[in-house]
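Visitor: Given the structure of chain A, go ahead and fit chain B onto it with the hints provided.
There are 2 protein chains.
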Amino acid sequence: MELIQLGHGSGGRLMHQLIRDYFAPAFDMRSLNDSALLDPLPQGRIALTTDSYVVSPLFFPGGDIGLLSICGTVNDLAVSGAKPLYLTAGFIIEEGFPISDLRRILASMTATAQACGVKVIAGDTKVVERGKADGIFINTAGVGVLEDGVDISPLNIRPGDKIILSGPIGRHGISVMAERNGITFDPPVQSDVFPLNGLTAHMLKTTKKVHVMRDPTRGGVATTLKELAHESGLCLTIHEGMIPVPPGVRGACELLGLDPLYIANEGLLIAIVDQADAEPLLAAMKEHQAAGQAAIIGEVTESPERMVLLKTDIGGIRIIDMLSGDQLPRIC
Amino acid sequence: MELIQLGHGSGGRLMHQLIRDYFAPAFDMRSLNDSALLDPLPQGRIALTTDSYVVSPLFFPGGDIGLLSICGTVNDLAVSGAKPLYLTAGFIIEEGFPISDLRRILASMTATAQACGVKVIAGDTKVVERGKADGIFINTAGVGVLEDGVDISPLNIRPGDKIILSGPIGRHGISVMAERNGITFDPPVQSDVFPLNGLTAHMLKTTKKVHVMRDPTRGGVATTLKELAHESGLCLTIHEGMIPVPPGVRGACELLGLDPLYIANEGLLIAIVDQADAEPLLAAMKEHQAAGQAAIIGEVTESPERMVLLKTDIGGIRIIDMLSGDQLPRIC
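Residue numbers (our numbering), protein chains in the order written: chain A, 81 to 412; chain B, 81 to 412.
Worth flagging that the hints you see were computed from the coordinates, not collected in a lab.
Every value quoted in this text rests on a predicted model; they were computed, and no experiment measured them.
Everything hinted at is true.
In this list, chains with the same sequence are indistinguishable; a pair is considered to hold if it fits within one copy or across any two.
SDA-like, lysine to any residue: derived pairs with alpha carbons at most 25 Å apart:
id: 1; residue 1: 288; residue 2: 110
id: 2; residue 1: 212; residue 2: 93
id: 3; residue 1: 289; residue 2: 117
id: 4; residue 1: 366; residue 2: 278
id: 5; residue 1: 288; residue 2: 359
Chain A with its partners taken away, still in its complex shape:
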């Protein structure tokens, strides 16, 4: 089995071979050195983002770190209202990492970038000694462009707005956790990792007046709603019965004492829109493969300020807060 050696990160012959044999064919690298030039961008404001991916294990039901590293950054741009166009990819690889696994990850990145319509045009590889990393870590940074008239910000949220969720919750976190711990759930849970830029483009074609979109990754739906409540100064109320929780996620959470509202998602978005736009937008979202089970899950009120409330099925009200520590580390 071919393994990554320290020399693969040296700048010398081994590194050039690695780039020539694996990285250059996988991506649209415009330069093996220094920086890459973009084609002229479409009219609009430019958005920039970055994320590092340290998920453990690297391969999990429904995805892998390669797929995740493209979708995560594409989704950050997409929920900002931008059309993702270009990515960079930085790899930190542990000495002894199997080159066959690297090839599998790169193939996954290539296929996902093509599916998203983005180009990976600049990269970097570093190798650290055995025991100084955990297999492979990937950073991607992304450039996208916002069309004029798109304005995605929590400051746009108004009392009376509706909260839309694009699909069922908790699948990514549970799938990674199950794989990590060698647990099998029945029914099995697959990660929801999926690029959202097709969905967001479709949504913004329906109405540019989407007030805010955000993808509830680390910390789950609860944390994202709490951030939005905090940043808007308003109260977000959601209804337990309206939130789709897949049976496998529900079962796993009951067994392990986890709350699905805090479990990470990687192909899900929350949108907040004016009441008048909610039903047409929901109908449009449901036409898209990434949001067949989209639902209106709640609404915005003026008070209590900066709060997230959950109306339970039995008529109670629960205050939703951020988690203090960590439910599931290294989920993305």
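Guide: Just chain B, lined up with the frame of chain A:
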């Protein structure tokens, strides 16, 4: 002593506190979520680049990983002929990392970004378990703009061109290696890590007809010249006596059996220009603090194709090739 916990990477309250207390004040973060919007860019082509930094140790004579993570990416843009404008920063931190060290690194990044005139506008933090990383790894990606008329490419190199080196070689690699191994050299060697965008802007003001610039980091001057010979299809000849090697670097290399031509630099550039432009450009470079010891070190000929030749002080000729493996791992 305050230490990084796994919960600092969770997306929850601890992570928000970390961002609020340390990352947000250090940078020009435009959004704590998703992506950041750039101000309208100046006219020109847009360049994009990325690098991850895994240097060990994190603090070394003349610099630290924070300084390096800004300079390295700024320099990649600068030697492409671009004016660096925006950076992203992605942190992968090992559980148990001292927050005091994180503060020191962030302070270094802030000061360097200000000195370079770049804004760090988007970031990300992941935390991995103790033993799954080595303190801290940093990725930065950078966006810059190239003025019209600037065309930096090895394809521009022509027979007769002169090769200019901006200063003395080998200081970064030797300083890191000495610190890592607890060796003290007399005279001591400080890293040359320094932002080159001021120098490159000054050079391009003197003449836009710089054929190529490149910063000889990993693999040193030898590897960079070999890349340029390969990419241009021409022969690059350099003269041993014209290459400034600081006494500390020379002593360390003699002691350890290393070749200074292969040692990493982080504040150095190689420029190749038409013979007629070489002396005026050299004079302009010497006015700049980053290139007081700049020198013409060689010239380009048609053949032997794709070769780098070193004319030694005693009249011999040595063929310079890329290193196969690794002289000094984790130098940047």
